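Protein chains: 2
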Amino acid sequence: MLRRHDYFAGQVGAPLTIRRAAVRDLTKPRSVTLPEGVLTDRVEDVLNDPEIDIVVEVMGGEEPAGTFVETAIRNGKHVVTANKELIAKRGSELLSAAHQRGLDIMFEASVGGGIPLIAPLRRDLLANDIQSIVAIINGTSNYILTRMAQDGADYQEALSEAQMLGYAESDPTNDVEGYDAAYKLAIMATLGFRTSVTPEQIYRAGISGLDSKDFVYAEELGYVIKLIASARRIDHGIVARVTPAFVPNTAPLAKVDGVYNAVQIEGDLTGTVMFQGAGAGADPTTSAVIADLLDLAHSVAVGSAERKYWQPAESIPLVDLNDHEDRYYLRLLVRDAPGVLASIAHALGEHEVSIAAVAQRETDLTERTAELVIMTHPTVRRAYEAALKTIHELDVVFEIRQSLPVEE
Amino acid sequence: MLRRHDYFAGQVGAPLTIRRAAVRDLTKPRSVTLPEGVLTDRVEDVLNDPEIDIVVEVMGGEEPAGTFVETAIRNGKHVVTANKELIAKRGSELLSAAHQRGLDIMFEASVGGGIPLIAPLRRDLLANDIQSIVAIINGTSNYILTRMAQDGADYQEALSEAQMLGYAESDPTNDVEGYDAAYKLAIMATLGFRTSVTPEQIYRAGISGLDSKDFVYAEELGYVIKLIASARRIDHGIVARVTPAFVPNTAPLAKVDGVYNAVQIEGDLTGTVMFQGAGAGADPTTSAVIADLLDLAHSVAVGSAERKYWQPAESIPLVDLNDHEDRYYLRLLVRDAPGVLASIAHALGEHEVSIAAVAQRETDLTERTAELVIMTHPTVRRAYEAALKTIHELDVVFEIRQSLPVEE
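From first to last, the protein sequence lines stand for chains A and B. For the first sequence, numbering that gives the first Met the number 0 puts the final residue at 407, and the numbers step up evenly by one. For the second sequence, numbering that gives the first Met the number 0 puts the final residue at 407, and the numbers step up evenly by one.
Next comes chain A alone, as it looks inside the complex (with noise of 0.2 Å):
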């Protein structure tokens, strides 16, 4: 920002002035220097100053953040934000109380980092009917199911590497446990199928229960474990889950390993676009947030008040996912005894559960257990779970150890 000032203001029209910046701390060494007068610890100096036209928040999280941002935009000023909470959670009110006032709330850096989405969603797509939205979109989770898979390692022993490396948090429930995805996702389907998704309307489940014995299943099978964040437009509503899945080999999300991210689009002119990069750190996501700088200072320079390529079309209901139909890999641990598949084949079967594969491993002689590893055809996510209840009472299944849908 400092370093091409020159540059910037010449793309805009007009230079551009950090007028002010709020940090909690002001004896924090840092590695900007900035002039005299512009750092202060109270948010109201930045807040409150008429001069200043448009408020960057970087904060993170959704209080006292959301306070800030609404002050900012009943003061009279454009906000650009980093937070993916807020926006997942208040981007609708917030967005209107902006529109109400002319002002426009940018947010590019709330989703994938460098990674260009959101302009893409509100601008270069609009043109689509969005069909799907399915990303690897936490790079924390992405880094350890791509350890778990390519070196065998355990979940806590991954997860201890990521700490280390700086890639998970200390408390890192907030990746592992799929909240992050599912504000990402929250922002994406909300602007892709122009309605409002909130967080907590998707359903999640999170990677810490996976099994090293699971990326080697699935990799005999022909598939990877990735945590998958989907929105999908089906006919009465929309279908929307952060969940890990088998995703077979051949997908190109398969191959997105790391701490990389991807999100595929699927829109009715375009087909299937995707977009894939780093999805986090401090360079990519000073990336996004001064494009979006830009662009309104641009809109600033210019004299036209806000940009708004986006407002919500409809209101389309999630669909309970019980509803949905998937294919499932499901591992059990069973006696190992003579008509044991017969029984549990025959439970399935009750409730219209087929099975696509099955193999037996993992044949303890002395226990006289077993681990069974079964594949399903596609079937109703209900009809499942009653197959799943029956199952788990019969005498000769001690443990259902995993079940994972399929994302084609």
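Hints listed in this document are in silico derivations from the structure and should not be mistaken for laboratory results. Where hints are given, some of them may not hold.
Claimed, not checked - With the Cβ distance kept under 7 Å, some of the chain A side facing chain B (calculated, not the full set):
| no. | residue |
| --- | --- |
| 1 | Gly60 |
| 2 | Ala64 |
| 3 | Ile114 |
| 4 | Asp123 |
| 5 | Leu125 |
| 6 | Asn127 |
| 7 | Leu268 |
| 8 | Ala277 |
| 9 | Ser286 |
| 10 | Ile289 |
| 11 | Ala290 |
Unchecked claim - Here are the simulated distance ranges between beta carbons:
| no. | chain 1 | residue 1 | chain 2 | residue 2 | range |
| --- | --- | --- | --- | --- | --- |
| 12 | A | Glu407 | B | Asp319 | 14 to 22 Å |
| 13 | B | Asp319 | A | Ala8 | 33 to 41 Å |
| 14 | B | Thr66 | A | Thr32 | 15 to 23 Å |
| 15 | A | Asn47 | B | Gly101 | 31 to 39 Å |
All values derive from a computational prediction rather than experimental measurement. We put the CB at the ideal spot given by N, CA and C, even for glycine.
Fit chain B to the supplied structure of chain A, relying on the hints for placement.
Chain B only, in chain A's frame:
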């Protein structure tokens, strides 16, 4: 456009009306019915109508499209165009003429069909110093190369099939000799490096000289052959070329098959961001044209004039490819006799070209000939070409059958 008229009007904040549409032949049957009086076969009816704010040009070719666009600009109209040849050859001049009148020319559809590329380069990645653009950007040639690689088809066979499927024109020169890719690369490099890069400045080689044997050797060596359009910012300028090249089979671009396009853009902040999708076709092009149209219409509706996200920042020289370092794949027909490899290695060594791998193949005992496949270490093109000349003069070398650079 017609079908989603109300929705688009809501997004733009004003109704969009198709006022006139100029076509060559009024009697030709059309899939859409336009209101009476809209269709005309006189382009002046469009260019001189004072009620028209935005002109869409989708006729293609440098002329007369160029004159039409100039006239539209002179008459105060914004322009949306899908014309890669025109923008590649005269984009800077046309954009500058538009800029002087506070108008804009939008050309998202000129590169990559429905994949957002122009908007990301003009807007979303603006904070970055772009370091490289590496792309598979011609679907026709990628289809042919995919068929040659996967089914062992020879060039003519794959081309005929592409023609039959409508992927290649009856005169395929524009696609298979790299002109189309060079146009698109010129546009992307001009935007990405904020300078002027014209198609004539780009080194260009086509795919028609490839042999099915090259694909066999490539696979054995761990590569695929792709028509790569690349532009790289190096110390003293830009290296830009379109050439069939060996691409390591682990590289993301190696997996882009059929008519798909993929563009990798490396920014100093974002790292490498990849955009992938269908690069051509009526629907994807429509998606891009309408996105531009809605963007401009919104500008017109809110009363803001030009949205200029881009102007050339500096003049950067194109680097002579002869000074550029590459690894090479080389296939020779040689005499099958003792000492032949030694004399070739010696000739290469004289020019400081060092061999990384060598294999002798297809020995013909009757003719006493053999094919020699060589991979070199990185070498400056000038030295490599000199070495080829020396080799060619050797008695034991009958033919230099192929020579391709490696794109890492």
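Checked hints:
1. Gly60: 24 Å, violated
2. Ala64: Since chain B brings no Cβ nearer than about 22 Å to Ala64 of chain A, farther than 7 Å, the hint is violated.
3. Ile114: The hint holds - Ile114 of chain A has a Cβ within 7 Å of chain B, the shortest such distance being about 5 Å.
4. Asp123: Holds: closest Cβ of chain B sits about 4 Å from Asp123 of chain A, inside 7 Å.
5. Leu125: 5 Å, holds
6. Asn127: Since chain B brings a Cβ to about 6 Å from Asn127 of chain A, closer than 7 Å, the hint holds.
7. Leu268: This interface hint holds because 4 Å falls under the 7 Å limit.
8. Ala277: Given a least distance of 5 Å, the restraint on Ala277 of chain A holds.
9. Ser286: Holds, because the Cβ-Cβ distance from Ser286 of chain A to chain B comes to roughly 4 Å (cut-off 7 Å).
10. Ile289: Ile289 of chain A check passes; min Cβ-Cβ to chain B is 4 Å, inside 7 Å.
11. Ala290: Since the shortest Cβ distance to chain B is 5 Å, the answer is holds.
12. A:Glu407 to B:Asp319: 14 to 22 Å: 49 Å, violated
13. B:Asp319 to A:Ala8: 33 to 41 Å: Taking Cβ atoms as reference, Asp319 of chain B and Ala8 of chain A lie about 34 Å apart, which means the hint holds.
14. B:Thr66 to A:Thr32: 15 to 23 Å: 53 Å, violated
15. A:Asn47 to B:Gly101: 31 to 39 Å: The hint (31 to 39 Å, Cβ to Cβ) holds, given that Asn47 of chain A and Gly101 of chain B are roughly 35 Å apart.
Consistency with the previously given hints fails for numbers 1, 2, 12, 14, ordered from lowest to highest.
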